[in-house]
Amino acid sequence: DAGVIQSPRHEVTEMGQEVTLRCKPISGHDYLFWYRQTMMRGLELLIYFNNNVPIDDSGMPEDRFSAKMPNASFSTLKIQPSEPRDSAVYFCASSFVVNSPLHFGNGTRLTVT
Amino acid sequence: QQQVKQSPQSLIVQKGGISIINCAYENTAFDYFPWYQQFPGKGPALLIAIRPDVSEKKEGRFTISFNKSAKQFSLHIMDSQPGDSATYFCAATHNTNAGKSTFGDGTTLTVKP
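These protein sequence lines map, in sequence, to chains R and Z. FYI, the numbering for the first sequence is 1 to 113, going by the numbering used here. FYI, the numbering for the second sequence is 1 to 113, going by the numbering used here.
So here's chain R without its partners, still in its complex pose (with noise of 0.2 Å):
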C-alpha cells in the first residue's frame, strides 16, 4: 500500500481565499483523522471519522473549517475564507481500529498571506 496519501504538498494563498485540502487513507482502514501542527500548538486533532461518518469535530477551530468523507478511500478538510493564522502543517492519519497505530501523510504546509 502507498500509505495515507494528501495534497497538495504545497499551498500558498490569499487571505479570504478558500483552501481545500484532500486526504486518501490507507484502504481498510476504518478510522480518519484530520490534524494541524503548529510550533505554538503541537499536534491538535481537528477531526475524525469512524466508517465516514464524522465521529468527534470539537477540534476544529471555527465555522470557517469544515471537513467531508464522502466515501471510504476520500476526504476533504475545507477552510474558507482562510486567514493568516490559518497557517500551519495539516496533516491527515487512518487507522485500522481502535487504539491501533495512527499511519500519517505527509501533510499540506499551508501558508495564508
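Some clues are possibly wrong.
[What the hints assert, rightly or not] Keeping only pairs whose Cα atoms sit at most 25 Å apart, straight-line, the calculated BS3-like set for lysine-lysine is:
(1) Z:100 - R:78
(2) Z:5 - Z:58
(3) Z:42 - R:78
[What the hints assert, rightly or not] Computed spacing ranges between beta-carbons, pair by pair:
(4) R:14 - Z:29: 28 to 34 Å
(5) R:20 - Z:39: 23 to 29 Å
(6) R:58 - Z:26: 30 to 36 Å
[To be verified] Only part of the chain Z face toward chain R is listed, based on derived beta-carbon distances under 7 Å:
(7) 42
(8) 43
(9) 44
(10) 46
(11) 62
(12) 95
(13) 103
(14) 105
Bear in mind the hints are in silico, worked out from the structure with no lab data behind them. For glycine and all other residues, C-beta sits at the position ideal for the given N, C-alpha and C.
Knowing the structure of chain R, use the given hints to seat chain Z on it.
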C-alpha cells in the same frame, strides 16, 4: 488541561550514547501508549508502542519503560545514531474515547557524530 506532558523539549546526545525521553499522563483510562518519530517534511511515523499490561517493551535499540503507578512512560534509544536525529512524540489513547490520541509536545533529538 494538557493530559500528556513530555520532557525534555530538546536533547543533544553524542553518537553511541543513550537518549531518554519522558512522558507523564493524568488520565488513568489511557490504555495505549505509542511513540512517533518525525523527520522534517514528513508525517509522524509509529516507532514503538506499549499497553499497560507490561512494564517494558524492546524493539532493537528502542525500549519503552512503563510505570503504571506513577503514570509515566519513557523512551530509551540505545547506541544513538545521527540518523536518529528527529522529533519524537509520545501519545496516549483510550478505548472509551474511540481512539482519539493525546500527544505530548515533542522532543527534538540531535545526535552528534
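Now for the hints, and whether the structure bears them out:
1. Z:100 - R:78: Between residue 100 of chain Z and residue 78 of chain R the Cα gap is close to 21 Å, so the pair holds against 25 Å.
2. Z:5 - Z:58: holds (22 Å)
3. Z:42 - R:78: holds (21 Å)
4. R:14 - Z:29: 28 to 34 Å: The hinted range 28 to 34 Å is violated for residue 14 of chain R and residue 29 of chain Z, with Cβ atoms some 44 Å apart.
5. R:20 - Z:39: 23 to 29 Å: holds (27 Å)
6. R:58 - Z:26: 30 to 36 Å: Violated: the Cβ-Cβ distance is about 19 Å, outside 30 to 36 Å.
7. 42: holds (5 Å)
8. 43: holds (3 Å)
9. 44: holds (5 Å)
10. 46: Status holds, d = 4 Å.
11. 62: violated (14 Å)
12. 95: Holds. Min distance 6 Å.
13. 103: holds (4 Å)
14. 105: holds (5 Å)
Of the hints listed earlier, those the structure fails to meet are numbers 4, 6 and 11, in rising order.
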